[in-house]
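So you can see what is in the structure, the chains are spelled out below.
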Amino acid sequence: MTESAHRLSLGERVAELAELPHRPGVGPSPTASSTQAPEEHDVVVVGSGAAALSAAAGALSTGASVVVCEKGPVPGGTTACSGGVAHIYANAVMQAAGIPDPRDPALAYMARVSHPGAYDPEAPGYGLLPSDFALLETYYDRGAEVMARLGAIDAVHMDAPWMSWDSQMFPDYYEFPENLAVRGRGIQSVAPDGGAGNGGELVRQLAAFAAARGTEVRLGHRVVDLNLENGAVTGVVVDDGSACRTLRAHGGVVFGSGGFAHSPELRERFLRGPIAGGSGLPTNTGDLVGIGTRAGAVFGGMHNGWWNQQVLEAVDDYATSVLDVWSVPGDGMLMVNRLGVRAIGEKREYESRGRVHHIFAGDEYVNRVMFMVYDQRTAERYGGRYPIPPVGAVADHVVTGTGVAGLAEALGTRLAGLRSSMPVGIAPVALDTNFADSLASSIAKFNDMAERGQDDEFDRGTKAVEFAFHGPRAADNSMPNPLMYPLDVGGPLHAISLVGTTFDTNSGPRIGTEGQILGTVGPIGGLYGAGNCVDSVFGEGYPGGGSTIGPGMVFGFLAGAHAGRRSPRVGSGR
Amino acid sequence: MKLAYRDFPSTASGVPAIVFHPEGPPSVDRPTHMAQSSGAVGRLVAPFGDYAFYPSGMEVGGICWYRAVPGSTSADPISLTKAVVQATDLVDDLGLDRPALVGWGQGAVVALGAALLRAGQVGSVICVDAIPAHLELLPPSALAGGNPPPVLLAATDPAGVQTVADQQERLGGHGIVASVWHWTAYDGDDERDKAVAERIGQWLTDV
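From first to last, the protein sequence lines stand for chains A and B. Using the working numbering, read the first sequence as starting at 61 and increasing by one per residue. Using the working numbering, read the second sequence as starting at 16 and increasing by one per residue.
Just chain B, with the same shape it has in the complex (with noise of 0.2 Å):
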C-alpha cells in the first residue's frame, strides 16, 4: 500500500522537504512545525507510516514505521525494509527537487534508507535521535553506499554526544560519511525543538 501523506505548500522559499515522523501518536504536526519552523523549508510532504498499538497497551491509533523488539535495540529488518520501499516509492511518485528527506526516531532510520536507496534524487537527509542499531538492519544495497548524499546524523537526548558517535561509526562501516549534532542544552522540550529546526535549517541552507 502506498503511503498516505499530508501535503504542505511552500511557506518559505527553501527546498523540498519529506518529513517522517518518529513513533508515537499518530500526528506529524510535531515534526512538520520544527521542518517549517527551520525557515529553510519551501514545499513539505509528511508521509504517515504503519499504525499499531500503543507500546504500554492495546489502545489503537499509534503509528511507526516498523516493528522494535521491546527490552533490547533490535528490530524487525522485514517491516524496516517494507518502510524504506514505501518511503523511496513516494519519492519517485513526488518527483520533488532533490528533496531533503528528515525524519525522527524510527522515521529518521527510514528516511536514510530511502536517501540511500535514492541518491541520486535526494538532495541531503536529516537522522534525527535514530536509535543506532537499527541503522545496521538497513537493506544491504541501501549500506554499500555508492555516492550517498549529505547526511547529517543528530541527537537530542543527554547521551546525545554518543549517540551520535555511535551512528557515525556505525555508516563510516560501511563507508558513509555523515557529519553529526547533537543538543547539550537540555531545558525542556519546546528549547529543544527550536535548536533543532535551527540546526535543520542552517545545514539545509548549507548543503
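Bound-form chain A, shown alone (with noise of 0.2 Å):
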C-alpha cells in the first residue's frame, strides 16, 4: 500500500489530534543545558499505577523523599480503569470471616497455576525454579503483610472483600484439589461510602497518600534512560516533553511502568499467538524493556501477559476501549472459530477465553478470531450487556443473518471487507468453506446438551466462577443448567467477532524477593521493579481476580521500601 493510500486508524487520529507528549511517532525531546545541578530525590518511581504508587508509600513509609514520573496525561495507570482488586493469601478478610488458607496448598495452588509445565505436587518447590518458588513463597509470606502495612500508615485500606452478585466472595478462577480457599482471595479497597473501591479509588486513595507526604506526581514525563555509577542505578533521565533532564536517586529507581501491549513490535518479537493489543493504557508501549537492557538486567517470560478478548472492531493501541469482554453475557450463545467449532467453555473468565485464541492446530492459529453466536431471545435479553448491544441500537459490530445459512453469508461478507484493516498482528480470516454445516452441527449439539443441562465438551456451567460472572439465571429459563439455553436458529441469528488480547503484558526484568531488577550477578544496585512491567511472579497463570494488582502492589510496596532504606540521606537528618 502506498503512503497516499493508507487510511489513518482510529488510533492514529486520536494521537494526530489530542497533540500530547510521548505519542507514537514522536521522537524524544533535545536534553536539557546542563547549567542546573540535577534534582536530588531519595527514590524515583516511575509510572503511577497501583504498583508504582505502592511503592512510593514503601518508600515514603522511610521516611525517604519520592517524586513520581508519569509517562501518561492522568495518572493511575490501567489501575485506574480496573476493578481494583488484589489477590492475597491468608488476607485479613478471610481471617476475619473464618476462611482458613493454608500455606502449603496455598503455594501448591499457586505454583500449580503459574508454571502448569513444570508443576509436579511430589517434586521439591513443586518442581519450579527455586528463584520462581521463592517468589511465591514471598507473596504468601508478605502479602498479607505489606496490605497491613498500608492500612497502618493510612495509605489505603484493602479491607473490603471482593463480592459477586450472589453476596458470595467472588472466587478464584481454577477450583483445583490444591486450591482450599477458592473464595475470599480478592480484595478491595474501602470507598469512604464505605463500600468497596475499584481501580479508580485505589489508585485515588494512593495518590492522596503520596501527595500529602509531599510527593509529586509529575505528568506527561517519560523516563527514557538510567544513570549508572559503578554498575549501580543512581537516576534517570526524564523527558517532560520540552526536554531531557536528569533526576538523581539516592536510594534507587522503582519502575511500575506497565508492559508493552501497545508496542506492536514488542508484541511481534516476544509473544507467541496472535495478539491484538490491550485493553489498558495506549501508553504502556514496554518503555522498560530498552532500559532494562541497556541497564543489564536479566529478562523472563516475555510471552506472558493477563489475557483476555476484545471485539475485533475495537482494537486499537492508540484508542483503546474503557471494557475489554470482561464477561460474556448470554445463555443462548455460543463461541466458535473459523471452521464453526467450539473451542471453550463460553462462560469462563477472560483469562482462559483469552488463551484459546493462541491454540496452534492444523498448521494455523485456528481460533485467532472466534465468533460470539447468539439468537434473537439473547439480544433482547441481555442486550445492552457489552459486547451485546442495547436493544434496538444498530451496532457496526454486530453481524446478523437469518438462519444459519443467512448468518454465515454475512459474516463472510463482513471478514472479506475487514481483510486489509485487521488489528496489527492478526492475520485476516476467512470462514471454512464448510462452516455453515459445521456451525449448524455446534448449534444443533449445543441445544441438545442444553436441553440436558451437560456440556459434554467443556463441561459449562460447572464452576463458580462462571456464575459469578454470568450473573442470576434469565427468567424465562427453565433448562437444567442455568448458564446454558436453546439457540433459536429460525429466526435472526448474530455474531460478534474477538480476539485474543491482554489486559497488558506481564513480562519484563526478573525480579527477586524485595522487587530488585537482577542482571547476571545478582540485583543490579539501586534498580526495582514491580506489576506489569517486570516477569509475573505468577509466570504464565492468573489465580484469580487481582492477580495483576496483588503481586504489584506487594513487590511494588517493598521495592520502595528497600529502595527508601538504601538512601544514605534517609534517617541521616538530612
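Please note: incorrect hints may appear among the correct ones.
Simulated coverage check for chain A against chain B, where a stretch passes if three residues somewhere in it have a Cβ under 8 Å from a Cβ of chain B [to be verified]:
| hint | stretch |
| --- | --- |
| 1 | 75-88 |
| 2 | 123-135 |
Residues on chain B that point at chain A, a partial pick, calculated with CB under 8 Å [said to hold, decoys possible]:
| hint | residue |
| --- | --- |
| 3 | Met16 |
| 4 | Phe63 |
| 5 | Asp65 |
| 6 | Thr96 |
Interface residues of chain A toward chain B, partial, derived using beta-carbon atoms under 8 Å [as the list claims (entries may be wrong)]:
| hint | residue |
| --- | --- |
| 7 | Leu70 |
| 8 | Arg264 |
| 9 | Pro342 |
| 10 | Ala374 |
| 11 | Ala379 |
| 12 | Leu383 |
| 13 | Gly444 |
| 14 | Tyr446 |
Bear in mind the hints are in silico, worked out from the structure with no lab data behind them. Glycine is no exception: its CB is placed at the ideal position from the N, C-alpha and C atoms.
Taking the hints as your guide, dock the two standalone chains into a single complex.
Below, the structure written as C-alpha cells:
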C-alpha cells in the first residue's frame, strides 16, 4: 500500500488530534542544557498505577523523599481502568471471616497455575525453578503483611471483600484440589462510603497519601534512560515533553510502568500467538524493555500477559476501549472458530477465553478470531451488556443473518471487508467452506446439551467462577443448566467477532524477593520493578481476580521500602 | 469501532438532533425523552459511548464517553479525543442536515468537541452539565475555533450559575462565544427535565 493510500486508523487520528507528548511517532526531546544541578531525590518511581504508588508508599514509609514520573496525561495507569482488586492469600478479610488459607496448599495452587508445565506436587518447590518458587513463598508470606502495613500508615485500607452479585465472595479462577480457599482472596479498597472501591478509588487513595507527604506525580514525564555509576543506578533521564533532564535518586529507581501491550513491535517480537493489543492504557509500550536491556537486566517470561478478549473492530493501540469483553453475556450463546467449531466453555473468565486464541492446531492459529453467536432472544434479554448492544441499537460490530446460512453469508462478507484492516498482529481470517454446516451442527449439539443441562465438550456451567461472571439465571430459562439455553435458529442469528488481547503483558526483567531487578550476577544496585513491567510472579497463570494488582502492590511496596532504606540520606537528619 | 446508536424517526417537525447521553446506566431514554419533549426536534439519533465498570464497583454495564480521574476534575484526554473522533465519524456517516448536537455530562463535552470539529456541518450545540475543566481537554484543533456553531452552555446543579460562567470563560479563552442558561428552581428531577426540555426547544427555535 502506498503512503497516500493509507487510511489513518482511529488511534492514529486520536494521536494526531490530541497532540500529547510521547505519542507514537514523536521522538525524544532534546537534552536540556546542563547549567543546573540535577534534582535530588531518594527514590524515583516510574508510573502511577497500583504498583508504582505502592512503591511510593513503601519508600515514604521509610522517610525517603519520592517523586513519581508518569508518562501519560493522567495518573493511575491501567489500575485506574480496573476493578481495583488485589489477590492476597490468607488476607485479613479471610481471617475475619474464618476462612483458612494454609500455606502449603496455597503455594501448591499458585505453583500449579503459574507454571503448569513444570508443576509436580511431589517435587521440591513443586518442580519450579528455586527463584520462581521463592517469589511465590514471599508473596504468600508477605502479601497480607504488606496490605496491613499499607493500612497502618493510612495509605489505603484493603479491607473490603470482592463480592459477587449473589452476595458471595468472588471465587478464584481454578478449582484445583490444591485450592482450599476458592473464595476470599480478592480484596478491594474501602471507599469513602464504606463500600468497595474500584481501581480508580485505589489510585485516588494511594495518590492522596503520597501527595500529603509532599510527593509530586509529574504527568507527561517519560523516563527514557538510567544513570549508572559502577554498575548501580543513580538516577534517571526524564523527558518532560520539552527537554530531557536528569533526576538523581540516592536510594533507587522503582519501575511500575506497565507492560508492552501497545507496542506492536514488542508484541510481535516476544508474544506467541496472535495478540491484538490490549484494553489497558495506550501508554503501555514497554519502556522498561529497552531501559532494562541497557542496564544489564536479566529477562524472563517475555511471552506472558494477562489474557482477555476484545471485539475485533474495537481493537486499536492508541484508541483503547474502557472495557474488554470482561464477561460474555448470554445463555443462548456459543463461540466458534472459523471452522464453526467450539473451542472453550464460553462462560469462563477472560483469562481462559483469551488463551484459546493462542492455540496452534491444523497448521494454523485456528482460533485467532472467535465468533460469539447468539439468537434474538439472547439479543433482547442481554442487550446492553457489552458486547451485546442495547436492544434496538444500530451496531456496526454485530453481524446478523436469518438462520445459520444467512449468518454465515453475512459473516463471510464482513470478514472479507475487514481483510485490509485487521488489527496489527492478526492475520486475515476467512470462514472455512464448511462453516455453515459445521456451525449448524455445533448449534444443534449445543441445543441438545442445553436441554440435558450437560456440556459434554467443555463442562460449561460447572465452575463457581462461571456463575459469578454470568449473573442470575434468566427469568425464562428453566433449563437444568442456567448457563445454557437452546438457540432459536429459525429467526435472526447474530455474531460478534472477538480477538485475543491482553489487559497488559506481564513480562520483563526478573526480580528478587525485595523487588530488585536482577542482572547476571545478582541484583542491579538501585534498580527495582513491580507490576506488569517485570516478569510476573505468577508466571503464565492467573490464579484469581486481582492477580495483576496484588503482586504489583506487594512487590512495589517492598521495593519502595528497600530503595528508601538504601538511600544514605534517609535517617541521617538531612 | 463505530458508535452504536438508536435511531428515532421524527415524531414532530424540527431539526435533526444527535443526543449524547451522560455517564451512568446503559440507557439513552432520559436524554432522548428530554430532547423529544422540547418539541423542536425531528429525527433523533442517540449513540452509546463506551462500556465501563460502574463508578462505585465492578458491576459491568455502565456507559461513559471517556475516563474521568477519580477525586479530581481531570479526565483522560486520549479517551476523550477518541470519543470526539467517533462522534465526528457519526456526524459524517449520518449526513443529517445541520443537526443539533445535544449532550449531558461527559456527553456534553463530546458533543461540543464534535460540533467544533464539524462546525460547517452542525447547526448548533447544547451542553448540559459538563464539568468545566473537561472542556479544556478537547483537542487543540477543536478549541482553536474558527467559526463555531451557536453554543448553549446549560447547568442544572445548584451551583449552575458559577458552572456556566466557568464554562463560558474557559471557552472564551479560546475565542469561542457561548450563550448560557442555568436552572434555578431546584424542585425535583421531573421539573428539572421539563425545564431543560423547554430551554432546548426555545434555543433550537431561536437559532
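### Query
Which numbered hints turn out to be false for this structure?
none
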